[in-house]
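Go by the hints and put chain B onto chain A.
There are 2 protein chains.
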Amino acid sequence: MHKIGIFGIDFYLFMYTYDSLFEFTCSIFQAMGCPEKDATLATDVLLSADLRGVDSHGVARLSGYVRLWEAGRINANPTIRIVHESPSTAVVDGDGGLGLVVAPFAMQVAIQKAAQAGTGWVSVKHSNHYGIAGYHAMQALAQDMIGMSMTNASPLVAPTYSLKRLLGTNPIAVAIPADKEPAFVADFATTTAANGKLEILQRKGQDAPEGWIQNKSGDVSTNPHELSQGGALLPLGSDRDHGSHKGYCLGSIVDIFSAVLSGANYGPWVPPFVSFLQPPADPVGKGIGHFFGAMRVDAFRPADEFKAHMDNWIRTFRAAPAVEGEKVQIPGDPERIMEANRRVNGIPLLEPVVKDLQATAEKLGVAFSPVEC
Amino acid sequence: MHKIGIFGIDFYLFMYTYDSLFEFTCSIFQAMGCPEKDATLATDVLLSADLRGVDSHGVARLSGYVRLWEAGRINANPTIRIVHESPSTAVVDGDGGLGLVVAPFAMQVAIQKAAQAGTGWVSVKHSNHYGIAGYHAMQALAQDMIGMSMTNASPLVAPTYSLKRLLGTNPIAVAIPADKEPAFVADFATTTAANGKLEILQRKGQDAPEGWIQNKSGDVSTNPHELSQGGALLPLGSDRDHGSHKGYCLGSIVDIFSAVLSGANYGPWVPPFVSFLQPPADPVGKGIGHFFGAMRVDAFRPADEFKAHMDNWIRTFRAAPAVEGEKVQIPGDPERIMEANRRVNGIPLLEPVVKDLQATAEKLGVAFSPVEC
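These protein sequence lines are chains A and B, in that order.
Position 114, counted from 1, in the first sequence is what the numbering used here calls 97; the numbers after and before it change by one each time, with no gaps.
Position 94, counted from 1, in the second sequence is what the numbering used here calls 77; the numbers after and before it change by one each time, with no gaps.
These are calculated hints, taken from the structure and not from any lab test.
Wrong hints could be hidden among the right ones.
Copies of the same chain are indistinguishable here, so a pair counts whether it falls within one copy or spans any two.
In the DMTMM-like style, the derived pairs of lysine to aspartate or glutamate whose C-alpha atoms are separated by at most 20 Å in a straight line are [unchecked claim]:
#  : residue 1 : residue 2
1  : Lys346    : Asp202
2  : Lys338    : Glu6
3  : Lys269    : Asp281
4  : Lys180    : Asp222
5  : Lys346    : Glu68
6  : Lys(-14)  : Glu209
7  : Lys269    : Asp339
8  : Lys180    : Asp78
9  : Lys290    : Glu68
10 : Lys20     : Glu6
11 : Lys310    : Asp224
12 : Lys199    : Glu307
13 : Lys290    : Glu209
14 : Lys147    : Glu193
Nothing here was measured: the structure is a model prediction, and the numbers come from that model.
Isolated chain A (complex conformation) (with noise of 0.2 Å):
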């Protein structure tokens, strides 16, 4: 356990091997119910949010996928299956399973249809939150592919001019394999900032930058707390006159590719991840919504060509002359490095998220086991 200052305020950090947070995890999941495998496989892909420092996405949020659990709106033993398909499409009904197990299930799908087609598509429906868009996008990497993944997500961002939610923060994952280059990796929410970013502003006491949110009338807003009182998340670009119509675009394809193909819930019918909100009472398909792509890229050109452009593209970009202080950077980078430093150093977790474990783990008569580094 460390004491650290963060923004003026201490904080206590404990920091945990990742094998003895991965098997907390997983135990978590079984206690719920979840068979042992779909249990594993929830776990990798939630904690590779935490190794990947998407910190809002990983362990922390274990407690309100249990509280929708109880709230009988995840199915821990749900039956995944192909409703409908094409030599490259199929859609996957999540049959209410955890995001976290359907998603690969889907992935994996695509994947195969690409292996036969040169490329697979799949919209899912009937699902829930499924972690960081990236880890699945990465899936089709080994084997020569790009991935691709996105997501809807319950109402939080007005479109350009509304003054009402109607999507999601949506997000984009894109991952294409390169030579003696790692593999290029862009994962972003469509909006301007995502709403890991207010939080932590609330925790300072600051405001936040102009162009994140609006308030309830629609206006500028710097208030972090906006979005409790009738406020919204921006589209990327922020307002009309820095390309939000573009963000909206963006979170719109993500929310029609995702829900409208597979005959999920969409824009304002998205169903919250928090277990006190109720969804709409007029649902429009079912649970929420994800789309998977799979490219192989031998489907296009010989792999080994592909992969050396890509190898020359990076370096090419990375080497760039960059601001005083800065570099350029290569989508993925930053991610791929706090793996590299957390698999050795461990998960940092704040307490308040520590406490909140602990208490799921009493809840669940599940021993809170994970070890300290």
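Relative to the frame of chain A, chain B by itself:
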């Protein structure tokens, strides 16, 4: 001819009937040596920009294509062919042809692949500027398919923290069919502002908003002439705090899908559109690259179901409460309204564009025949 004041400057504006402008443009392409069928197709693509209000990409560029042809950098009579394929993919070699002709060929390949395999994905090398991205994506709509289109372009954009221009404005278009509502048609550059907007400010003698451009040192600039002085356009998001790394990801994905998959030039090697700038002497591929996709809606769910939900999606978003004096628009709304207007009332061209077209006509021995309305 009308005299109009724009930004305090008098311009002479000529209104031409669409049909007469079509006939004239087609004559120019034929005078370049394009077969009649290709000339007609190229004209249809080029003038779709004028119809839809994207004046920067329409007939105003005709003389630019002619100059590239004169410089031997456009092949007026190309043998466009598939050089690699799988059931759902292809790579098309444009043989140095007009992008206005190569792109429709490739999009048809994508549509034919989708008819068979559910989806079709085509990457294109050895092409040139292809007009507006949206035209090509929209070709899928009549077949109840979702259409996608993207292209790389000569480097005007600096990745986050880069001092060097490494990406083009690399647009993405996605067209999604609905039933009774008009289709959803997103078509946007992956930069905060398109170059055409800077040109307008140059004419006005006005500053650009912060967040559109940087100077050669990577600092914020509001000088609309910055690009001619070593500056760069900024990726969608403008700066790191407002998500420019996401715009950089998007532009990169377009570049890689269009050019690294196909074998075209990418990043700083993309040849310029203007004939007075030479292409790089050390090309890494052939010409510029595009990427097209077509997804049969009924490869996911029955088309009637999908389109009924798209109507609901569109109506829900369009009906959202908006800030005073504005409304929530569906992507494609402004362009569709513009097209309906211009088909009736004609295409407006500014005097410098008309003079440029007259000079081009004279050079090629073609009568300048557009009819004013």
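Against the structure, the hints come out as follows:
| no. | hint | verdict |
| --- | --- | --- |
| 1 | Lys346 to Asp202 | neither (43 Å within a copy, 54 Å between copies) |
| 2 | Lys338 to Glu6 | within (18 Å within a copy, 74 Å between copies) |
| 3 | Lys269 to Asp281 | between (36 Å within a copy, 19 Å between copies) |
| 4 | Lys180 to Asp222 | both (19 Å within a copy, 16 Å between copies) |
| 5 | Lys346 to Glu68 | neither (41 Å within a copy, 56 Å between copies) |
| 6 | Lys(-14) to Glu209 | neither (30 Å within a copy, 49 Å between copies) |
| 7 | Lys269 to Asp339 | neither (30 Å within a copy, 57 Å between copies) |
| 8 | Lys180 to Asp78 | neither (32 Å within a copy, 48 Å between copies) |
| 9 | Lys290 to Glu68 | between (31 Å within a copy, 18 Å between copies) |
| 10 | Lys20 to Glu6 | within (13 Å within a copy, 66 Å between copies) |
| 11 | Lys310 to Asp224 | between (28 Å within a copy, 16 Å between copies) |
| 12 | Lys199 to Glu307 | between (39 Å within a copy, 13 Å between copies) |
| 13 | Lys290 to Glu209 | neither (45 Å within a copy, 35 Å between copies) |
| 14 | Lys147 to Glu193 | within (19 Å within a copy, 27 Å between copies) |
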